[in-house]
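J.: In order, the protein sequence lines correspond to chains D, Z and H.
The first sequence runs contiguously to residue 383 in our numbering.
The second sequence runs contiguously to residue 1317 in our numbering.
The third sequence runs contiguously to residue 2108 in our numbering.
Any given hint might turn out to be false.
As the list claims (entries may be wrong) - Calculated lysine to aspartate or glutamate pairs in the DMTMM-like style (CA-CA distance at most 25 Å, straight line): (1) D/K276 x H/E2082; (2) D/K176 x D/D272; (3) D/K45 x D/D222; (4) H/K2093 x D/E131; (5) H/K2042 x H/E2094; (6) D/K314 x H/E2082; (7) D/K45 x D/D229; (8) D/K162 x H/E2082; (9) H/K2020 x H/D2007; (10) H/K2035 x D/E131; (11) H/K2093 x D/E285; (12) H/K2010 x D/E131; (13) H/K2035 x D/D272; (14) H/K2023 x D/E138; (15) D/K314 x D/E138; (16) H/K2020 x Z/D1052; (17) H/K2020 x D/D272; (18) H/K2093 x D/D135; (19) H/K2087 x H/E2030; (20) D/K282 x D/D235; (21) H/K2051 x D/E131; (22) H/K2087 x D/D158; (23) H/K2015 x D/D135; (24) H/K2051 x H/E2108; (25) H/K2087 x D/E138; (26) D/K176 x H/D2007; (27) D/K276 x D/E265; (28) H/K2051 x D/E289; (29) H/K2035 x D/D158; (30) D/K179 x D/D222; (31) D/K282 x H/E2082; (32) D/K282 x H/D2055; (33) H/K2020 x D/E131; (34) H/K2093 x D/E138; (35) H/K2010 x D/E244; (36) Z/K1033 x H/D2007.
Read the hints as simulated data drawn from the structure, not as lab findings.
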Amino acid sequence: MTFILPIGPQHPALEEPTHFRIEVKGEEIVGVDLRLGYAHRGIEKALTERSYAHGFYLSQRVCGICNATHSLAFTRAVESVAGVECPDRARYIRVIDGELERIHSHLLWAGIAAHEIGFTTLFMLLWRDREHALDMRELLFGHRIYATGTYLGGARVDIEQKHIPQLTRALAELEKSAKHYIDVCTSDRTVIARCSGVGVLTKKDARELCAVGPTARASGVDFDIRRDDPYAAYDEIRFDVVTERDGDVLAKVVVRLREILESVEIIRQAIDAMPKGPIRAKFPENVPENEAVGRVEAPRGELMYYVRSNGTNKPERVRIRTPSYANWPSIRPMLVGGTIAEIPIVVASIDPCFSCTDRVTIVDVKTGKARIMTKGELRGLQK
Amino acid sequence: MIETLWYVFAYFVFPGILFASAVGLLFMGIDRKITGHMQHRIGPPIWQEFLDVGKLFCKEDVTPAAANSFVFNCAPLLSFGALIAVVLLLPINSAQPVLTSVADLIVIIYLLNIPAVCMMLAGYASGCPFGTIGSSRYVIQLFGYELAFIIAAFAVAAKAGWSLGLSSIVAYQAQNGWMAFQVALIPAAIAILIAAQGKLLRVPFDIPEAESEIVHGPQTEYSGPKLAILRIAYDIELFVVAAVVVVLFFGGPVPHTIGGVHIPGVVGFLIKCFGIVVLSTVIRNIAARLRIDQALKFFWTFPTLLAAISLFLVMVV
Amino acid sequence: MPRMLPDVLKNLFRKPVTVKYPKQRRELPENFRGKPVVDKEKCIGCGLCVKVCPDGAITLDEKTKKPRIWMGLCMMCGRCAEVCPRKVITMSKEFELATYNKYKAMSE
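Could you put the whole structure together from the sequences, leaning on the hints where they help?
T.: Have a look at this one:
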């Protein structure tokens, strides 16, 4: 007899509201159904009513944790549309901004994952070390979370020489702690008992369900936009793309922690190689008709912005495809066959960011069918 | 008449409700403070548990409509009462407890199961899916730790000449040194410490009330004064289980005379209980929570085997 | 041997990292963007700050033509400070802006 266990919209395991309906038999999971949409805010429509400069700030606010990558993707798309070339020094500043954000996002995620398996000490210590990354964002750009390092046409502020020693010290601290946590997670027996062999996503499933980011890289899919479609200054920096083979939760943890080490290396190379020069190019008020796509590697995977302009100072259409949206279908093969105790850690292992996820998908609860609404139907609803 | 007054005093003040609650809440507060410092932050102040329980007493008492209200309301009171009964049966100040019966150890083991059973009934009676899952996990976990606990306790009883009375176990240790230092009983000491961690529902075995998975397990639907009583019962259980371990393995209450000042046995007893609580806190902070099937498998292999080895060594050697 | 045990025991004897706010406060870096402060004497009434604010939090007073920033909408992005030709607006380091009536929280 199956028993339906509801998780959400309010649940201690979730930071943002969503609704899972999980069918269980005893402790084993036999079916998963997902209902999103609780964090939908109408951002794509709002972006068409603001000028590019104002829309830049709105695009940042799609997600709090990966805000630099959202604004960078928007900037990349809009700069392609307008045909504006970003100066060299600004490209390196964008790299530093993006990588600092990747470090803080991965440490935050690792703390949440540790909390899900009941290891509160590791949670507290990881978040203690995350403060180094946030302090650096505050030092260089002004705020801890919405740092706004990039800007339309270049970077917003310049990185001054006197901040570099402090940045180097913080990077050394972050590297030491990341190595220590990799050691803890791969050798502590309770962590291995909870994470190893749990929530396995095979390479074939990862490819078929179009998983992106560390979720796919932990299953062996070797794809990273920073290497395969380089933006900012990534084509001039040497780094490794971290992959693992097993595809279980432990592999995802290790992939993210090792990516922190890679990010530290990238920032060090960027600081050394940063050329002198201007940091911002002139961005026109009215953008001629064009359309373009901007892709960046957010901490959670591939983030894509599509922008179409029509000659005015406001975009005609902006479409955002976030990595969390692409990773949700891979929940089902990971959860079915497991037990209830694994639900929080498996859901957390794809690093879901619900604010990123909710675009327009409607689930009809009465008939149980899901359909996508077209623009015409949405307009019809507005009258 | 004096006897009755003495029993009333012992039940309500020392070592009954007031003393056990105060010590239990204080130990839990110190445990939270030490946990905070281990996590490199300042924890709450030591008397935080008193404030928490006091706040809960002032809140509204809500019984869900879908719950079986008789069981729901009685469960906290039953577990509290059972724990106070255990406190009266333990030798806290001297080798003679307040109440004695023929086979103290068996009565205590049974009484210590009552809070667990009450929690399970409360979870099933709550009418909420999290309570049901929490209770079923609690049932499974009970099978795990109880076996190791009982075998280790019997190993001690066997060593003290097959006497099940706690005063004779304390008297035996006063003559021959602590049970934990007898070679044959060292595995049993380790086994009972692990089983105690499971009994107290602390990480790595706090599966029935795993907060991030099933809200609060069997206690999910409780609020207000009932939750306060459950909280006090949980904290008293911390003190009581540590006390049972101390009486069985670490000598129990022994009065000392240092430099002409007579120190009553309860002081040393509390210090030893505090040591056990600190050990439990350290274990709580360095491990993640196990899954229920992993916990059951662990309990039935490692601690049970250790306790069985001890029992075998005591009976044969 | 659990890997966290040496860490946990070492942390017991170290000073905690907690900053006991509000009794202790951290020092903020110079780039920090707090509440924007308006220096009215220097203002020439050009209106660039009004145009550039992404939230529309700045309005010009009708009579004196000086800027007034409503803190309820201001997100402290710093564009007004950046674009002002006379450097009238500066981003201060004040961030403790909680108030009982947010409609009266103006910076002018």
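J.: All hints, please: hold or fail.
T.: A quick look at each hint next to the structure:
{"no.": "1", "hint": "D/K276 x H/E2082", "in the structure": "holds, 21 Å"}
{"no.": "2", "hint": "D/K176 x D/D272", "in the structure": "holds, 20 Å"}
{"no.": "3", "hint": "D/K45 x D/D222", "in the structure": "violated, 35 Å"}
{"no.": "4", "hint": "H/K2093 x D/E131", "in the structure": "holds, 19 Å"}
{"no.": "5", "hint": "H/K2042 x H/E2094", "in the structure": "holds, 21 Å"}
{"no.": "6", "hint": "D/K314 x H/E2082", "in the structure": "holds, 22 Å"}
{"no.": "7", "hint": "D/K45 x D/D229", "in the structure": "violated, 28 Å"}
{"no.": "8", "hint": "D/K162 x H/E2082", "in the structure": "holds, 22 Å"}
{"no.": "9", "hint": "H/K2020 x H/D2007", "in the structure": "holds, 23 Å"}
{"no.": "10", "hint": "H/K2035 x D/E131", "in the structure": "holds, 23 Å"}
{"no.": "11", "hint": "H/K2093 x D/E285", "in the structure": "violated, 32 Å"}
{"no.": "12", "hint": "H/K2010 x D/E131", "in the structure": "holds, 20 Å"}
{"no.": "13", "hint": "H/K2035 x D/D272", "in the structure": "violated, 34 Å"}
{"no.": "14", "hint": "H/K2023 x D/E138", "in the structure": "holds, 22 Å"}
{"no.": "15", "hint": "D/K314 x D/E138", "in the structure": "violated, 31 Å"}
{"no.": "16", "hint": "H/K2020 x Z/D1052", "in the structure": "holds, 22 Å"}
{"no.": "17", "hint": "H/K2020 x D/D272", "in the structure": "violated, 37 Å"}
{"no.": "18", "hint": "H/K2093 x D/D135", "in the structure": "holds, 15 Å"}
{"no.": "19", "hint": "H/K2087 x H/E2030", "in the structure": "holds, 17 Å"}
{"no.": "20", "hint": "D/K282 x D/D235", "in the structure": "holds, 24 Å"}
{"no.": "21", "hint": "H/K2051 x D/E131", "in the structure": "violated, 36 Å"}
{"no.": "22", "hint": "H/K2087 x D/D158", "in the structure": "holds, 19 Å"}
{"no.": "23", "hint": "H/K2015 x D/D135", "in the structure": "holds, 20 Å"}
{"no.": "24", "hint": "H/K2051 x H/E2108", "in the structure": "holds, 17 Å"}
{"no.": "25", "hint": "H/K2087 x D/E138", "in the structure": "holds, 23 Å"}
{"no.": "26", "hint": "D/K176 x H/D2007", "in the structure": "holds, 14 Å"}
{"no.": "27", "hint": "D/K276 x D/E265", "in the structure": "holds, 21 Å"}
{"no.": "28", "hint": "H/K2051 x D/E289", "in the structure": "holds, 24 Å"}
{"no.": "29", "hint": "H/K2035 x D/D158", "in the structure": "holds, 21 Å"}
{"no.": "30", "hint": "D/K179 x D/D222", "in the structure": "holds, 23 Å"}
{"no.": "31", "hint": "D/K282 x H/E2082", "in the structure": "holds, 15 Å"}
{"no.": "32", "hint": "D/K282 x H/D2055", "in the structure": "holds, 22 Å"}
{"no.": "33", "hint": "H/K2020 x D/E131", "in the structure": "holds, 16 Å"}
{"no.": "34", "hint": "H/K2093 x D/E138", "in the structure": "holds, 12 Å"}
{"no.": "35", "hint": "H/K2010 x D/E244", "in the structure": "violated, 33 Å"}
{"no.": "36", "hint": "Z/K1033 x H/D2007", "in the structure": "holds, 17 Å"}
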